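Add chain B to chain A, keeping to what the hints say.
Each chain, written out:
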Amino acid sequence: MTKDNHGKAYKFGMVIDLDKCTGCGSCMVACMSENNVPFKENETDKKDSLTWMTVYKLTNGKPFPDTDICYMPRPCMHCGGKGDHGHSPCVSVCPATATDYGYDTGIVSQIYTRCFGCRYCMVSCPYHARYFNWWDPKWPPGMEEYLSPDVSPRMRGVVEKCTFCYHRYQEARDRAYYEKRDTIAEDEYQTACTQACPAGAITFGDLNNPDHEVYKLVKPDPHNCGRPRDPKAFRVLERLQTNPKVYYISEREWVRKAGDNYRKGEWDKKNMLTKADGQH
Amino acid sequence: MDSALIPEGARRCPFPVFAAGIAVASAVLLWGVYAMGLVWIKGLNQTNMNDYYGFALWIWADLAVIAIGGGAFFTGLLRYVFGIDELKHIINLAVVIGVICYSSALLILAIDIGQPLRGWFIFWHANVHSMLTEVAFCLSLYFSVLIIEFIPLVLENRQLDKVPFFHNLGHNMHGIMAVFAATGAFLSCFHQGSLGGVAGVLYGRPFAFREGLLIWPWTFFLFTWSAAAYGPCFTLTVCKIFEGVTRKKLVKDNVVDLLAKISGWMIATYIIAKIIDTIYWAGVTVSDMGFSFMHFYSDNAFYGVWILFTEIVICGIVPAILLTVKRFREDKKLLILAIVLGTIGVCINRWVMVLQVVAVPVMSFDTWALYIPSWQEVATTILPIAYGIIVLSLAYRYLPMFPQEQELYDAK
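For the record, the sequence lines run as chains A and B. Residue numbers for the first sequence follow my numbering, so the first one is -8 and each next one is one higher. Residue numbers for the second sequence follow my numbering, so the first one is 74 and each next one is one higher.
Everything labelled a hint here was simulated from the structure, so no lab data went into it. Be a bit skeptical, because a hint or two may be false.
Below, in silico cross-link-like pairs of lysine to any residue (SDA-like), each with a Cα-Cα straight-line distance of 25 Å or less [said to hold, decoys possible]:
#1 A:K210 x B:M362
#2 B:K115 x A:P128
#3 A:K248 x B:N373
#4 A:K248 x B:M362
#5 A:K38 x B:W113
#6 A:K38 x B:Y376
#7 A:K37 x B:S371
#8 B:K115 x A:M134
#9 A:K73 x B:P434
#10 A:K73 x B:A432
#11 A:K260 x B:D361
#12 A:K261 x B:P434
#13 A:K255 x B:W441
#14 A:K37 x B:Q119
#15 A:K38 x B:Q429
#16 B:K115 x A:P29
#17 A:K53 x A:W245
#18 B:K115 x B:G192
Values in this document were obtained by computation on a predicted structure and should not be read as measured data.
Bound conformation, chain A alone:
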């Protein structure tokens, strides 16, 4: 990232410790504030609300006193796609190349001024991480003053989603370039949700860098499309081979099981195999 501007390839990712998350929603608020996400006057219908970061509430389905709850924050997963080659479900289908995969960052971008609102990307995303601007973006009088100048507001009729606060990466990269550094430090680029989480449940960094906390937490396997090697870590819908860059950690077995779909008996079989591997 010196004069020729050739930096190394990052693979930014997120690890969310579900045992720490309290479901407070700070990440959602921070995200909306940071990224100029508009809201509706009436937000009761969540299916057309813009929430780049959404917190799902999961339960183990058991009656009292065995009931257990887990809150699962869900940003865009920034999928690497099948084989982790960058053909994310959404990127590969966008007819106008309005969403793209950054091979230097692993971040899936969205070009708002090129999107013409066909919504094929939304249909392709199994995580519901993409949102359509059904309405003109509006803020209460005076609130426009609080908008971030680093993020462009989106117009009606286009799709938007979490960018891993890409503008913060750009800022960190510019600073590194100015200071003639080749790399950016871990703490130089952090997403708004990571910083806002009061429980410290969200960790963000470079999955390619063994010194970064995200790497240490999940130990992604580079020969297996980044699958976590830590037995407590998992990715949502791993079996679809979307290869997301958002990982989750939980000590609780039912939470890990909820991360994917299993036919009858499959989970137990998988667990037995994992345990057997651990013993070797």
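Below, chain B without anything else, positioned relative to chain A:
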């Protein structure tokens, strides 16, 4: 009043009766145009779509009209490329239906996008990996071919035909129509297929996803096949509606019988392929993803196994049998039942491949999402029907759409 425009010798209803009928259809059309204006001015918030239902009624309507309009390319292929001469007596109708269906599809697409003024980006910033890009290119090109196929019929209008230039143009275009029919069939194979590919490539959506051959999922081939199979059913259905409304026989039985038989065999082979596809999808594809077959047909208020049964058995196997067995095909009532079931069958297939795909929960903690379209969506979906009725009525009144009409009338 307009007798100078009506084909020579043809008997048509009095102009006031015709005008009254057109006025009724126009009223419905205007209702749709009003809804379309609302959507264009106020945006897609006029619909009941949401972030779960990015694709909904309109995309289904799009896929459905393109499938049932498939009679145009397939009949054209049979007539001009395979040289089945009898079909020249129904090809005009198939082409007019094709023009209506494809222009409707383009209009619906123009309404359905969030930024209509940027619609051209699909060509300018084309992503060659996207099936939708292929759809856009092939659809537009094929619509151009359909217009070229439609022009000679328009030029056969009694007054236009008197102009030597138009007469010669129409005659010469007829001469080279095989080239356009072959081009149309080629383009149709790709856009019908890529519409199937739109769903089939969605590897994040287990209900839609299919393995396939090279870059084409099996739905690519199934969609092309089903459009060729069921498209003629719709052509024949419209023909029968025409005969019912005008109380005249317009196409000879041998022509109807031939197209019905071809359609029947196409449906029979398609439905075998579809059954194999469904079994493989249920037993291997979704099983590998951790889903059971019943995950896609239970725990919700609408989508049950009934819809699969209706699509494959009632609207697939039944019309295939009725149309392939001569005895059944020659029974007028059974013939009509078969072609209507066939038309419904392909529409159900397109419905599930659009709406059920997004309704099914994929994450284990997600829930089914059902939706009811807004009146604006319904009105804009009915709009093409009103538009189709008007165009077909005009074409029937002023153009020699059914070449056997006079002969059949004289023989009566």
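Structure-based check of all given hints:
no., hint, verdict
1, A:K210 x B:M362, "24 Å, holds"
2, B:K115 x A:P128, "13 Å, holds"
3, A:K248 x B:N373, "23 Å, holds"
4, A:K248 x B:M362, "14 Å, holds"
5, A:K38 x B:W113, "22 Å, holds"
6, A:K38 x B:Y376, "20 Å, holds"
7, A:K37 x B:S371, "24 Å, holds"
8, B:K115 x A:M134, "24 Å, holds"
9, A:K73 x B:P434, "21 Å, holds"
10, A:K73 x B:A432, "24 Å, holds"
11, A:K260 x B:D361, "14 Å, holds"
12, A:K261 x B:P434, "23 Å, holds"
13, A:K255 x B:W441, "21 Å, holds"
14, A:K37 x B:Q119, "17 Å, holds"
15, A:K38 x B:Q429, "17 Å, holds"
16, B:K115 x A:P29, "17 Å, holds"
17, A:K53 x A:W245, "11 Å, holds"
18, B:K115 x B:G192, "17 Å, holds"
The earlier numbered hints are all upheld by this structure, with none contradicted.
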